[in-house]
Amino acid sequence: MKLLKTTALAAIIAGGALFAGAAIAQDKTYTIGVSVPTADHGWTGGIDFFAQQAIDRLGKLYPNVKYVLATAPDSTKQAADLEDLVTTRNIDALVILPGDPDAMTASIKKVKDAGKWVTIVDRALSQPGIPDLYVAGDNPGLGATTAAYFKQAMPNGGNIVILRGAPIPIDKQRVDAFMDGIKGTSIKVLDSQFVN
Amino acid sequence: MSETIGTAVPPILAANRISKSFGDIPVLFSIDFDVRPGEVHAIIGENGAGKSTLMKILSGFEQPTSGTIVYDGKQVTLPPNGEAEAMGIVLIHQELNLAEHLKVVDSIFLGREIERFGFMDSRLMREQAQALLDTLHVNVDPAARIDTLSVADKQMVEIAKAISREARVLIMDEPTAVLSLAETQTLFEQIHRLTARGVAIVFISHKLDEVMRIANRVTVLRDGQLIATVDAAVLTPDSAAQMMVGRELSNLYPPKHEPDVDAPRVLSVRHLGAQGIEDISFELRKGEILGFAGLIGSGRTAVAEAIVGLTHRTGGEIDVNGHPAHFANVAQSVAGGLAYMTKDRKGKGLLVNMGLRPNLTLLTLQRHLRGPFIDTASETRALDRAVRRFDIRARDATVRVGQLSGGNQQKLMLGKTMESEPGIIIMDEPTRGIDVGTKQQIYHIVAALAAEGKSIILISSELQEVIGLSHRVIVMRHGRIVGELEGDQITEEQIVRRQMGIEGKAAA
Amino acid sequence: MTPTTEAAAPRSRWARIRLGALGPLIALALLMILGAILNDHFLSLANLANIVARSSFIGIIAIGATFVITTSGIDLSVGSMAAFIAGMMIIIINSLVPSMGSGWSAILVGILAGLLIGTAAGAANGILVTAGRIEPFIVTLGALGIFRALITFLANGGTLNLNAQASDTYSPLYSGNLLGIPLPIIIFALVAIIAEVVLRRTTFGRHIAAIGSNEQVARYSAIKVDRVRLMTYALQGFLVALAAVLYVPKFGSANSSTAVLWELQAIAAVIIGGTTLRGGFGRIWGTVVGVVILELIGNILNLQSFISPYLNQAFQGAIIIIAVLLQRSRKTTN
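Chain order of the listed sequences is A, B and C. Using numbering that gives the first Met the number 0, the first residue of the first sequence is number 0, and each one after it goes up by one. Using numbering that gives the first Met the number 0, the first residue of the second sequence is number 0, and each one after it goes up by one. Using numbering that gives the first Met the number 0, the first residue of the third sequence is number 0, and each one after it goes up by one.
Don't read these hints as lab results, they were simulated from the structure. Treat the hints with care, as some may be off.
[Stated by the list, open to error] Below are the EDC-like pairs computed for lysine to aspartate or glutamate, each with C-alpha atoms no more than 20 Å apart in a straight line: (1) K108/A with D73/A; (2) K345/B with E214/C; (3) K347/B with D225/C; (4) K285/B with D318/B; (5) K111/A with D91/A; (6) K206/B with E188/B; (7) K206/B with E461/B; (8) K255/B with E451/B; (9) K102/B with D146/B; (10) K102/B with E112/B; (11) K347/B with D167/C; (12) K342/B with E214/C; (13) K65/A with D39/C; (14) K109/A with D167/C; (15) K111/A with D167/C; (16) K255/B with E485/B; (17) K255/B with D71/B; (18) K108/A with D167/C; (19) K65/A with D55/A; (20) K285/B with D146/B; (21) K150/A with D175/A; (22) K206/B with E182/B; (23) K150/A with D190/A; (24) K109/A with D55/A.
[Said to hold, decoys possible] Chain C regions said to be covered by chain A (calculated; three or more residues, Cβ under 8 Å): (25) 68-78; (26) 104-115; (27) 146-159; (28) 219-233; (29) 293-302.
For every residue, glycine included, the Cβ atom is placed at its ideal position computed from N, Cα and C.
Using the sequences and the hints given, assemble the complete structure.
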């Protein structure tokens with residue numbers, strides 16, 4: 000999913016640049032915290048790798064901006080990371096890919112309430128209006144184009160099964176858009192299960 | 000069989016001026032000891048006299064603080080952790096050192112398995128094990144698992160193990176403590192076979208009569224010092240006991256006070272049945288000491304455990320002080336005024352990893368409560384009382400029970416049992432593995448308790464003890480009562496006959 | 000034994016025992032020094048409060064585990080149980096909001112229900128261990144699977160979210176404070192103090208240690224072994240529920256990945272603190288120190304940027320091994 004890796008890269012650059020741009024003018028040192036899930040499979044591995052790459056690049060580009068990277072295997076740890084980033088590393092802004100967005104909503108809100116600039120990548124929170132910037136793939140679009148492909152490939156209908164991803168909102172967005180897309184055709188969904 | 004080995008034969012293992020201190024505490028003071036090939040040299044002494052420490056030094060498990068060991072004519076430093084076995088000095092612990100789940104043949108060859116092309120040669124090992132067991136006249140199947148064997152047979156396997164390692168010196172720590180008369184006899188025959196082959200045997204025991212039967216020489220230790228090494232022929236039980244204790248032991252058994260003829264019945268058992276026992280009926284009067292004699296496995300412990308509720312009763316009735324009683328668990332029998340002192344003091348009687356105080360009060364914590372909390376000051380007062388009453392000796396207040404000598408452990412367990420102030424006490428093998436001096440103390444305590452009006456059931460495999468203390472004796476065999484003896488009838492011969500089933504059934 | 004040389008012995012033994020007990024405290028002190036060196040903000044009240052407040056989840060559970068382990072039992076189901084209880088609480092509170100509003104009344108009912116469910120779940124484990132005569136490892140391993148499946152089922156594979164308004168009412172339980180001290184820390188401290196007193200100074204605590212030390216001896220000493228065992232498992236369940244009560248206001252959701260592997264962390268904390276796995280001796284304050292140590296490691300690694308954050312669990316594992324080694328060497332010299 001090179002698309003999403005690029006997304007991540009873009010997020011950090013965007014979030015970082017938007018913030019850093021303002022920073023350069025001030026001639027003060029800023030710290031940006033980056034919180035991502037631990038690399039437990041290829042996609043998250045890519046996120047971590049490209050995040051580190053972006054950090055190295057931006058670090059050279061904007062000398063008065065420092066980056067702190069924290070990875071967490073679960074939401075308890077990720078919430079702890081956020082607390083530590085604010086309290087001990089004094090971040091001014093946060094770029095975060097929440098592993099479990101529902102669980103992380105409250106913690107991210109706290110960071111926002113502490114006056115930090117918050118960028119959320121890929122997985123939206125359960126409450127709207129919290130992040131300053133939300134960078135994600137076009138999840139409904141993904142669902143819609145997939146539906147279009149299926150309609151084209153199975154003009155006379157047929158049976159399909161859906162293997163869903165993680166039980167998080169973006170998965171819901173994609174699947175909902177897909178289901179909308181195949182409405183009215185004779186494509187039958189035999190079963191739909193979370194397999195992540 | 001106490002012939003003296005010719006003094007011309009040099010000793011195979013000798014300890015010269017051995018002293019040992021643990022930190023600041025001296026335990027052995029300049030001991031000289033030696034044993035010759037083909038000799039049985041016994042070591043006797045009270046618990047705490049230093050016998051175990053001397054044994055460990057002779058087998059390499061401890062190093063002396065000063066002094067030398069001479070083995071086979073050469074001065075050596077024995078390797079630790081049982082490696083001295085490879086040199087031919089084998090120690091057989093009192094708590095046998097066998098892995099319960101292994102087979103006999105595996106145990107014998109443990110650490111020296113015979114291999115063929117990288118795999119174990121089971122057939123060869125089994126043959127050799129069988130041959131070995133046959134030479135020693137041991138009737139044990141090499142393929143049997145250790146935990147299916149009786150204690151006596153386990154001991155035989157230990158001896159076989161030692162022989163297969165070409166032991167030249169065999170040190171045995173209280174090997175007869177848990178053996179019946181017949182098994183002891185078998186062990187002694189084994190020892191004779193070994194000495195005939197030139198093996199030297201160091202033998203530690205508390206049973207003076209046995210020591211005199213089997214030993215050539217006897218060494219007496221007291222408080223870490225060597226008192227005497229004498230030929231067994233010149234030793235008498237009295238002189239031995241006197242040397243061990245350092246004082247006259249004229250009255251090992253206290254005088255018996257017969258209870259009143261019309262003393263009330265405190266316990267009445269009718270047709271009691273449980274696993275291993277049938278149709279047990281007897282009575283116990285107030286102030287009486289009722290001895291239960293019988294061979295090991297005759298069911299005496301089963302009777303006690305059924306009465307106090309540790310095991311399930313299949314039938315029968317029990318009356319305590321005239322009222323019917325049914326104890327479903329230990330708590331109920333304690334509340335009913337009974338107490339049972341187990342014969343397995345380290346496995347079932349005391350928590351060896353804890354200190355004296357929590358062990359003493361374990362049965363009676365509710366007496367030391369202030370609100371919901373335990374009052375440790377009250378517990379400590381109880382401990383002080385028990386220490387004084389039963390003369391429990393410990394190095395200091397913080398030792399763990401596992402570090403006490405056997406005699407002090409037994410006295411502590413007695414103290415724990417008496418804390419619940421029972422009227423009826425069942426004591427199971429109260430002096431097993433205990434030295435003469437402590438035995439005397441316990442006998443006097445038992446007699447005093449009876450004189451105070453407590454009623455005692457005394458289960459014991461030491462006939463002298465049963466005869467010396469009991470007012471009446473019940474003999475059990477194969478889970479049933481086969482005899483009841485009173486007054487003059489209580490003699491060794493009468494008891495043994497019933498134990499063996501020789502005598503016709505006496506009226507129950 | 001002649002009583003002449005007793006004066007010297009007690010002092011040296013006392014010194015040795017004390018050193019063994021101080022192990023976890025020394026480790027804690029060293030970690031604090033390390034943190035202070037690495038970052039000026041480490042010793043700030045805010046950071047320390049964060050750490051101790053976070054430890055309260057695993058900490059309260061680990062205190063329950065201390066009781067269970069002291070009886071030589073074990074409970075592997077605590078993580079899944081916590082997730083299940085959190086899920087049930089969310090469902091219950093959400094279903095009460097329409098009728099009772101999103102104020103404290105609905106939440107209190109949810110909390111009460113959670114505590115009851117937890118105690119019952121723990122008791123179920125206990126009954127299977129005592130009356131069922133099944134090994135605790137097996138029973139709680141099965142329970143782990145059952146609870147994990149139940150929370151996945153309840154969340155329908157997705158996530159259960161606490162009603163937003165109820166969440167606003169409830170979250171001060173985690174983020175609020177009393178006299179400047181965060182509430183979770185106060186609750187954690189209360190639980191720890193009560194637990195220490197119960198274990199050391201009540202008959203129940205004495206019986207627990209006796210059962211773990213030698214169950215036969217306990218039985219022969221008129222202790223109702225099964226009943227005491229059952230109560231330790233029920234107590235563990237209650238404390239798991241208490242941890243869930245603190246978890247829900249902070250995270251507001253429960254799904255199949257909630258509280259995964261908490262059981263291992265809890266047991267690790269208990270071991271680091273000095274309680275022996277085979278039973279017979281329990282140290283509550285040691286467990287508390289153990290939990291804080293584990294949490295500190297993550298915090299310290301976040302203080303600096305030169306060690307990769309991926310190595311967090313490697314450090315945790317190393318600390319556990321070192322802690323146990325230090326305790327062992329003390330015990331054998333004794």
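Query raised in the report: When you check the alpha-carbon spacing of K111/A and D91/A, does it fall within 20 Å?
Result: 10 Å, holds
Query raised in the report: Can the restraint linking K108/A and D73/A be considered satisfied, given a maximum Cα separation of 20 Å?
Result: 18 Å, holds
Query raised in the report: Within 20 Å, alpha carbon to alpha carbon, are K102/B and D146/B?
Result: With Cα atoms ~9 Å apart, K102/B and D146/B stay inside 20 Å; holds.
Report task. Would you mind confirming whether the straight-line C-alpha gap from K206/B to E182/B stays at or under 20 Å? Result -> Holds - the C-alpha atoms of E182/B and K206/B are around 15 Å apart, at most 20 Å.
Query raised in the report: Is K109/A within 20 Å of D55/A, Cα to Cα?
Result: Violated. K109/A to D55/A sits at ~28 Å, over the 20 Å cutoff.
Query - 20 Å limit on alpha-carbon distance, applied to hinted pair K255/B and E485/B - result: 13 Å, holds
Query - Proposed proximity, D71/B with K255/B (alpha carbon, max 20 Å) - result: Judged against 20 Å, a Cα distance of about 53 Å means the pair is violated.
**Report entry** Given coverage of the region 146-159 of chain C by chain A, checked by CB-CB distance under 8 Å (3 or more)
**Finding:** n = 4 at 8 Å, threshold three: holds.
Query - Straight-line alpha-carbon gap K111/A to D167/C, limit 20 Å - result: With Cα atoms ~16 Å apart, K111/A and D167/C stay inside 20 Å; holds.
**Report entry** 8 Å C-beta criterion, at least three residues: is the region 104-115 of chain C covered by chain A
**Finding:** Not satisfied, violated; 0 residues make the cut.
Report task. Assess, step by step, whether the Cα of K102/B is no farther than 20 Å from the Cα of E112/B, and give holds or violated. Result -> Judged against 20 Å, a Cα distance of about 13 Å means the pair holds.
Report task. Could you grab the alpha-carbon distance between K342/B and E214/C and see if it respects the 20 Å cut-off? Result -> The given pair, whose Cα atoms are some 16 Å apart, holds under the 20 Å limit.
The structure fails hints 11, 17, 20, 24, 25, 26, 28 (numbered hints given earlier, in ascending order).
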